[in-house]
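2 protein chains.
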Amino acid sequence: MNEQLKYFIESNIPQVEAEMFALVEKIDAPGDLKESMLYSLKAGGKRIRPLFVLAVLELFNKDLKVGLTVGSVIEIIHTYSLIHDDLPSMDNDDFRRGKPTNHKVYGEALATLAGDALNTLAFGILARMNVSAEKRIELVNLLSIAAGAEGMVGGQVLDMEGEQRQLNLAELEHVHINKTGALLRFSIEAGAVLANVSSEERATLKEYAHHIGLAFQIQDDILDIEGTTEELGKTAGKDVASDKSTYPALLSLNGAKDKLAEHYQLAIHALDQLQVDAGLLREFAAYIVHRKN
Amino acid sequence: MNEQLKYFIESNIPQVEAEMFALVEKIDAPGDLKESMLYSLKAGGKRIRPLFVLAVLELFNKDLKVGLTVGSVIEIIHTYSLIHDDLPSMDNDDFRRGKPTNHKVYGEALATLAGDALNTLAFGILARMNVSAEKRIELVNLLSIAAGAEGMVGGQVLDMEGEQRQLNLAELEHVHINKTGALLRFSIEAGAVLANVSSEERATLKEYAHHIGLAFQIQDDILDIEGTTEELGKTAGKDVASDKSTYPALLSLNGAKDKLAEHYQLAIHALDQLQVDAGLLREFAAYIVHRKN
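Chains A and B, in that order, are what the protein sequence lines are. Anchor point for the first sequence: position 88 equals 87 in numbering that gives the first Met the number 0, and the numbering is continuous, going up by one each time. Anchor point for the second sequence: position 80 equals 79 in numbering that gives the first Met the number 0, and the numbering is continuous, going up by one each time.
Here chain A stands alone, though its shape is the one from the complex (with noise of 0.2 Å):
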């Protein structure tokens, strides 16, 4: 990894976390529930979303302390939607980050309500921050949209049927802009509000996030096959045991590795219409086709 971004990520990793951990520290909630809620949050991560927020208000020179915020949110967020993705009644996953699910540790029921507890919590913050009002109630509406029905929970949906039938690459596209990459968007999108950006500036950067979050995702799929358990985290191999329709299974690995450098390319372009220095977007474009985990 390129020296700036790594120093970016471990620099700001800390802070986002304990501006999250503190947001939900604060809650007067009864003490499992809120355990609950803590310990996914406290699970560690790539906390990528957070950091693209970060990395956007960094390219325009802003403050990065109410990006911490929306970071948090968003990765409050992803974290609810994992609880609940790991649900025996979902993918029935054990484990999460080489740790014990949250249903594992607390129960499935308090595993459920811990989920829905995060996902009504985001939006409250959002209300709370301290950027005007319109602002907030834009980033309210624009993280509903990406994290509901029309977005990632869509996207949860249509990658359930996809376990059921062959997709064909245009609904595994589909699935996938809406599962990871409507959340992924958002990221970058909340950072350009909060950046006071054009609205080309915002439309490239929104390009640039598309790309990166079909990108993220056919990574996934790729480390599915060529990741360990142990480097994971979380079971390899899985989609394939499962015959689940993926980057891979639709195109062959190589294929896929293709579609992945496609993606990388269009958004290191789209980064070249921007009148300003992108060279940490560019170099989380190239740590994201690249990671392992």
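Hints were generated in silico from the structure; no laboratory data involved. Treat each hint with caution, since some may be false.
[Stated by the list, open to error] Here are the simulated SDA-like pairs of lysine to any residue, each with C-alpha atoms no more than 25 Å apart in a straight line:
#: 1; chain 1: B; residue 1: LYS134; chain 2: A; residue 2: GLU133
#: 2; chain 1: A; residue 1: LYS103; chain 2: B; residue 2: ASP158
#: 3; chain 1: A; residue 1: LYS64; chain 2: A; residue 2: GLN14
#: 4; chain 1: A; residue 1: LYS243; chain 2: B; residue 2: GLU107
#: 5; chain 1: A; residue 1: LYS98; chain 2: B; residue 2: SER88
#: 6; chain 1: A; residue 1: LYS205; chain 2: B; residue 2: ILE26
#: 7; chain 1: A; residue 1: LYS134; chain 2: B; residue 2: ALA132
#: 8; chain 1: B; residue 1: LYS243; chain 2: A; residue 2: ASP31
#: 9; chain 1: A; residue 1: LYS243; chain 2: B; residue 2: GLY30
#: 10; chain 1: A; residue 1: LYS233; chain 2: B; residue 2: HIS173
#: 11; chain 1: A; residue 1: LYS233; chain 2: A; residue 2: HIS289
#: 12; chain 1: B; residue 1: LYS134; chain 2: A; residue 2: VAL65
#: 13; chain 1: A; residue 1: LYS33; chain 2: B; residue 2: ALA169
#: 14; chain 1: B; residue 1: LYS103; chain 2: A; residue 2: MET89
#: 15; chain 1: A; residue 1: LYS291; chain 2: A; residue 2: GLY236
#: 16; chain 1: A; residue 1: LYS134; chain 2: B; residue 2: GLU133
#: 17; chain 1: A; residue 1: LYS134; chain 2: B; residue 2: ASN195
#: 18; chain 1: B; residue 1: LYS5; chain 2: B; residue 2: GLU229
#: 19; chain 1: B; residue 1: LYS103; chain 2: A; residue 2: ASN91
#: 20; chain 1: A; residue 1: LYS25; chain 2: B; residue 2: ASN140
#: 21; chain 1: A; residue 1: LYS134; chain 2: B; residue 2: SER131
#: 22; chain 1: A; residue 1: LYS98; chain 2: B; residue 2: MET89
#: 23; chain 1: A; residue 1: LYS134; chain 2: B; residue 2: GLU137
#: 24; chain 1: A; residue 1: LYS64; chain 2: B; residue 2: GLU137
#: 25; chain 1: A; residue 1: LYS25; chain 2: B; residue 2: GLU172
#: 26; chain 1: A; residue 1: LYS33; chain 2: B; residue 2: HIS173
#: 27; chain 1: A; residue 1: LYS25; chain 2: B; residue 2: GLU160
#: 28; chain 1: A; residue 1: LYS25; chain 2: B; residue 2: LEU141
#: 29; chain 1: B; residue 1: LYS25; chain 2: A; residue 2: LEU141
#: 30; chain 1: A; residue 1: LYS103; chain 2: B; residue 2: GLN163
#: 31; chain 1: A; residue 1: LYS64; chain 2: B; residue 2: GLU133
#: 32; chain 1: A; residue 1: LYS103; chain 2: B; residue 2: SER131
Bear in mind that the values here come from a model prediction, so they are computed numbers and not experimental data.
Given the structure of chain A, go ahead and fit chain B onto it with the hints provided.
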């Protein structure tokens, strides 16, 4: 039921439902997800929460239109909570309002996701309303607190604990102030926000809502004993069968009825502080303590 209230309910329920269904019909989501979301919204219900929003607007002679949207949002949150409560890992209910529960029709995974999507959608609808950004953000903030770990979801967790051990009266009250009370209080408070009432009037209405919320729950506990499965549209006698902490279990059936009368009186007493004639809210209080389902 009083004629004025009967007319108010019968004329407004169709409008609330039309607004709520339209808000969900227009989202662009996978067909089975949307169908599952609409299934539970269309399964009926007393629509008490939206009616409370409208009753407060009516009390201050305001246009009810904007209340239809906020009322729909609250009913959407209430419905998501019922879908998740009914799941096998939670209350494991097969019937709700006389119809098969969401997961019995669509499976647990889709029911979980339909609940998540409704929860998320509710905040987006508030964000897109046609009132000032300040009002919208205030409603988002209040709803997040009322529906989340500090309110409804937190109350649900405490309620589950009450199935493991006998709660005392203070604990039981705490459960219900959160589990059912928080969203009912939000309904009244949202009406107050939309109607631009004074802070004194708002405090008085919240006092009314507090007692109405508890009265509602005590009557629920009483109906579980005195009602029939047919009247209730859900299995009667479940609380006693599961040895659950309830008002009748703690205070005896007559003690619970005394407590119900006490909260009814305190709700009416709160209304006496208002300068306007709160006839409709008085009748609502009477309806809630005398209802049979």
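Now for the hints, and whether the structure bears them out:
In summary, the hint linking LYS134 of chain B to GLU133 of chain A is supported, as the alpha carbons are separated by about 11 Å, within the 25 Å threshold. With a CA separation close to 21 Å, the supplied pair LYS103 of chain A and ASP158 of chain B stays within the 25 Å bound. A hinted pair counts as satisfied when its Cα atoms are at most 25 Å apart, and LYS64 of chain A with GLN14 of chain A qualifies at roughly 9 Å. Straight-line distance between C-alpha atoms of LYS243 of chain A and GLU107 of chain B comes to about 20 Å, which keeps the hinted pair within the 25 Å bound.
Proposed proximity of LYS98 of chain A and SER88 of chain B is supported: the alpha carbons are some 22 Å apart, at most 25 Å. With a CA separation close to 21 Å, the supplied pair LYS205 of chain A and ILE26 of chain B stays within the 25 Å bound. At most 25 Å may separate the alpha-carbon atoms for a hinted pair to count; LYS134 of chain A and ALA132 of chain B meet this at roughly 9 Å. With a C-alpha separation of about 20 Å, the suggested pair LYS243 of chain B and ASP31 of chain A falls inside the 25 Å cut-off, and the hint holds.
Among the hinted pairs, LYS243 of chain A with GLY30 of chain B is consistent with the structure: their alpha-carbon atoms are about 21 Å apart, no more than 25 Å. A C-alpha spacing of about 40 Å is found between LYS233 of chain A and HIS173 of chain B, which places the hinted pair above 25 Å, so the restraint is violated. Annotation: proposed proximity of LYS233 of chain A to HIS289 of chain A holds, straight-line Cα distance about 18 Å (limit 25 Å). At roughly 22 Å between alpha-carbon atoms, LYS134 of chain B and VAL65 of chain A fall within 25 Å of each other, so this suggested pair holds.
The suggested pairing of LYS33 of chain A with ALA169 of chain B holds, with an alpha-carbon distance near 21 Å, which does not exceed 25 Å. Distance check on the hinted pair: LYS103 of chain B and MET89 of chain A sit about 15 Å apart at the alpha-carbon level, within 25 Å; holds. For the hint pairing LYS291 of chain A with GLY236 of chain A, the CA-to-CA distance comes to about 14 Å; that is within 25 Å, so the pair holds. In summary, the hint linking LYS134 of chain A to GLU133 of chain B is supported, as the alpha carbons are separated by about 11 Å, within the 25 Å threshold.
Annotation: proposed proximity of LYS134 of chain A to ASN195 of chain B holds, straight-line Cα distance about 23 Å (limit 25 Å). A distance of roughly 22 Å separates the Cα atoms of LYS5 of chain B and GLU229 of chain B; the hinted pair therefore holds under the 25 Å criterion. Proximity of LYS103 of chain B to ASN91 of chain A is assessed by CA-CA distance (about 19 Å); at most 25 Å being required, the pair is judged to hold. As the CA atoms of LYS25 of chain A and ASN140 of chain B are separated by approximately 16 Å, the hinted pair is consistent with the 25 Å bound.
Among the hinted pairs, LYS134 of chain A with SER131 of chain B is consistent with the structure: their alpha-carbon atoms are about 13 Å apart, no more than 25 Å. At most 25 Å may separate the alpha-carbon atoms for a hinted pair to count; LYS98 of chain A and MET89 of chain B meet this at roughly 24 Å. With a CA separation close to 13 Å, the supplied pair LYS134 of chain A and GLU137 of chain B stays within the 25 Å bound. Note on LYS64 of chain A and GLU137 of chain B: the hinted pairing holds, with a Cα-Cα distance of about 23 Å set against a maximum of 25 Å.
Annotation: proposed proximity of LYS25 of chain A to GLU172 of chain B holds, straight-line Cα distance about 23 Å (limit 25 Å). At most 25 Å may separate the alpha-carbon atoms for a hinted pair to count; LYS33 of chain A and HIS173 of chain B meet this at roughly 17 Å. A threshold of 25 Å between alpha carbons decides the hint, and for LYS25 of chain A with GLU160 of chain B the separation of about 22 Å falls inside it, so the pair holds. Among the hinted pairs, LYS25 of chain A with LEU141 of chain B is consistent with the structure: their alpha-carbon atoms are about 17 Å apart, no more than 25 Å.
Taking the CA atoms of LYS25 of chain B and LEU141 of chain A, the gap is about 17 Å. The hint holds against a cut of 25 Å. Under the criterion of a C-alpha separation no larger than 25 Å, the hint pairing LYS103 of chain A with GLN163 of chain B is consistent with the structure, at around 19 Å. For the hint linking LYS64 of chain A to GLU133 of chain B, the alpha-carbon distance of about 23 Å falls within 25 Å, and the restraint holds. For the given pair, LYS103 of chain A sits about 44 Å from SER131 of chain B by alpha-carbon distance, which is inconsistent with the 25 Å threshold.
Hints 10 and 32, counting from the list given before, are not met by this structure.
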